[in-house]
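Heads up, the sequence shown is in the working numbering, so the first residue is 14 and it goes up one at a time.
Simulated from the structure, these hints should not be mistaken for laboratory data. Fair warning: this is a prediction, and the values are worked out from it, not measured in the lab.
Pairs of lysine-lysine residues, derived as DSSO-like cross-links and limited to a Cα-Cα distance of at most 30 Å, are as follows:
hint, residue 1, residue 2
1, Lys975, Lys185
2, Lys887, Lys94
3, Lys86, Lys887
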Amino acid sequence: MTPNYDFHNCFSPREFEEFVRDMLEVKEGIDFEISGRGKDQGIDLRHWKGNEKIIVQVKCYRQNYRQLFNDLKKREIKKAKALEPSRYILVTSLELQLHQRREILTLFDGLIAGERDIIDRTELNKLLGKEEYHHVECKHNKLWISSTNILMDMLGEVVHSSVLNKSKRELKEIQRAVKVFVSSHNFERAINILEQHRYVLISGEPGIGKTTLGRCLSAYFLQRKGYRGFIYADTVETAWSMYKEDEKQVFFFDDFWGDIFKDEKLPLKEEKNLMEFINFISSSDDKILILTSREYVLQQGLAQYQNEKLRRVIERGKLLLKLDDYSEAIKGKILFNHLYFSDLEWDYVKVIADNYTRIIHHQNYNPRMIEVLLEQEERSVEECSPTQFFKEFMSYLDDPESFWKSIFMKQTYGAQLTALILFLSSQPMRVSDLQDSYHACLEAWEQSGEKIQDLEFSSIMTQLEKTMINTYSEDSSFTLRSFYNEYGKQRLLVKFQNPSIKDFLYQHLNENMHQYGKILIRGCPFFNQLLSIFRVAHSESDVLDESGERFCHRGEKCLSKTLETELCERIISDFDYLKYSYAYGDVFENTSSVYEAPHECTVRKVYDTLWHFGVNESTEMDAFLRDKIQQLCIHLHEGEYPFSYDDMAVFPHLIKLITLSFPLDVHLDGESLIQDYYDRSRSAEHFLNLHEFEKAFPNEFAEFNKVHYQAIQRDIMGVLYSDVDFFASDCEHNRISFLIDIVYPQVLKGYKLDDDKGYREDLRMIAGYDEFEDDDYNKDQLEESDETPTETKEDEYNEQEIEELMEEEKAALLGGTKEFLEEEDVINFIRKTVKEEAIAEELIGLFKSEIPWYIWTISPDLDTLSLFVDLYHKEKHFPLSSADFYRKFASYLIEGSSDASSTTDPNCIAEALHEFAFDMMESGRVIFSENKIRKHPSIRAKLESGHIELDALLSFSFLSRKGKWYEFQTVGLQAYLATKKMLSSDEGERKRNYANFLDLEEEFRDIEHDIWLLCSELDLEAFNHHYLIPILKEYLSAIDVSSLKKICSSTFEFLELKLNFKISQVTLLPYLSGSSCNGLSISALDFIDHDLTALEDYMSWDDEENSNKNKKDLLLRLGQLIMEQGSLRETIGDECEYELCMSECMRNDDWFDVLKSLGVCDFLWDSYFQVCEKVEKSMAANGCIRLDSYVRDPKTRKYVSFN
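Assemble the whole structure, with the sequences as input and the hints as a guide.
What follows is the structure in structure tokens.
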């Protein structure tokens, strides 16, 4: 069967190269090497052996053929010719049409031998359909876990019901998770366990990647193994309700038993229910069960249940993840994958990637921490520089708790309060209930006589959605915005984005109960919120050695006596009006939903209050509970239907609790209670729960059984049948599953009845369930298996191999690096690609003569050199002015972007990119994402109006792809476009803009003079008046020319000049090794040919000057002064390096004497008056005279950057 993989969606560019290499090695029967990203001349794969020179160009593009073609035309064709391969192969992730293949063949003019050497998406998929390529498909598992065709089909099939919509949301999470997944030996181990046992339990420390592995395993069976059913289950009951016979299904339980804020009592009979489900799955041949759990939660649950059979079952299918199992290569790839698929801009990705070793070796490194930090930082990245971003990233990694604290403390008080309310509530919670809780707390606060800022709740939710919470609806089309527009209050739910948020909020509330306690106690309108306050207040944070995860246990109180009394009073006074906030009721976990009225859950509230408060904590609470229990007993005796169904089921458990665990001084008549409960029972579950009275009143229960046992035994199966029928009519699937899977087996055991297969089938039939075969759950599966998963380690690399591998991964992540071409490289390239010998020699002559001056700045690498050569071939000459050159260059690129198949006007795109270049230059960006381009105001407006098409924009010749990012063809072109945009404003605005525009950031500082030259060539008068001359005047006004000493000291002070000298301890002669200064002033002086850093010539010893004894003696004196007054920075061998502040040195007359004798003072004097003369001359000519040195010597160029 031929697959249909979307390779662009499956792979990063680096992963696609590795995949193509493996495919071609099978296809061609030879080895290929992935080239490095340095001076490889743009090769992706190569096979060089003797005279055989095969090169492969790999292009991982989205569906944008025009972008691919332009890239081949502008960049690759000339590079390919220069390399003179014996064979050239092009592989692309695009699906090419026949006419597109022919267009590429024509472009390469015989260099590509034929269509067989153009391999596209269709051809790759055809090859994968052949048996000999199956091992390649298996090796690159991101193919089948990242492909979305099956997942998307399943998403389209999902209907709007509670369970299925949870599964639908989880399928979307799987799509997201597989993108960043890095396959390791744990994936293979899990597959082996699943194939052997049909279930796997993935456990480990928090954040280790349990959920991600579980999601990718799900994708494996859905994509690769033909499973069509996916059930994301919260409970076993949920899983049973979605079980379908004869359908290949994947069941995924994520973090089962794992909510940090669950009730301390575990769900009723959960362990038996889970064990039965596991055994049922393990005996099937078309079901897969994947469970994840934090290791300490798993061990706590097993310890509490004390079920040895369950322990053996779990241990057999358990896969324990440990960070130590991850090699450095795996940890690095995980980091790089998260960076690649993040929304961070290139310069922020680069600063993280450059420091990857610090991150992967950090003691707090784990996959979840990396994911959470990057997700949160994406939201605030525009507020800080890349360097600040990295510092914050590392500080959060050093102290993860401070990460959430910094986010939390930046929220408004209303947002902080809302987050704490959500923490105290069940999750997910209805947004409407959270809103009501927030306003109730505000009202309570105002009633106390104080006032806080009352923000609109919608604003608060918008704040929190950016940082801490997720909102979603069972109707996937429903959004937070529509909630506020349409008031669909029951539809929208909210939960925290990450479990670690709850860890922080627990700690924060525990430590700050004095600040929040009063408003929460008085305001929270739900019963479970008030109980949660008590639970936090009576717990302290602890850490388990093995996992490092916090959990709650009984400890010292953090609630003052006053607040505790107020909490008790609030519960007592409002008890009859309070209900629970659970969005869903769960019979398995003994929770009541928000839809149950307060009076329908009275017994449960009494039970939960007693469970949390115990006895003897509060005299008032004890008295209240005694009174409530007595009222309940009276109500049971007198009422025909005394309680709701659930309260009736809880009542026997309450009686057992107060008689055995928390004895209250309540007079209970056991005989009467049992009889009353029996008389009021209407369901099989109620009759079953009569057994709970046995432990509380053993004698009375024995007497009761003598009279009623046989009647109950006779009737209970019929009652159960009626119960299932009743709940089926109301579509209460949770309740039905509980009755069939939990109540029915206990009824058989409690009343000594035989299991009847036909009866069970009848129950499932009236419930609307599919029939199933029963094999007693394959009891033999409970025995220990002799086959234990083999522990394996990741492939180990030595340090050098790891470094090389990571550098290759980093280069792929960042899109490679451009390296400056040597003169020999340029000459060889021109001679191989330019057919006309005369034109080739003219071009070579330009490079050798360095005229025009900008020729080397625009051709740093083969890509731009190719464009340069094409332009020269067209124009036959280059102007001396860089502005004239870029004008021609821009026109040439616009002409090359004309596409008859597109309706977009190239000039419209060029206009938009002028504005974009301006804004990117102001922010110091030379590399940017597609997202940054699309969201730019001028571009977004044209895209939305239909004036330009996205594909035409991204393939436009001004832009060049750099991995997943984009850049302008050269930094100089970007500067030209930005300058033209700035100069298009009126005179007044231009005057205001100059200083801001030329306050250059990042890489633009390296081509500062190039940009100044553009301004002087395009706008000489305004540039001189508004920018250059004011800088020079500032220098002139700061210098005191009343004496040589003052001109020296004032110059040094103005320039903030610090000099570094190295002095040999053998010769004691200094030489200038570095400096720091007021860069802008120095640069302006240098621009007009007054380089004050030329002081080096006066203050350093040169061995060639050995005959100049006078200078040597002066420098020995200077060296002595440096050693006396300088700050020693470092000593290497016999050399010491010193730093001196020159303005401070001038306070010493000895310094002045030496500098005067060396000629420094005269140099500064002459420079001052020469600058003064130039400024006066320019002003006299109304700024129309060029002051730069380039006009006289075009070969003199400084501050050159080659990206």
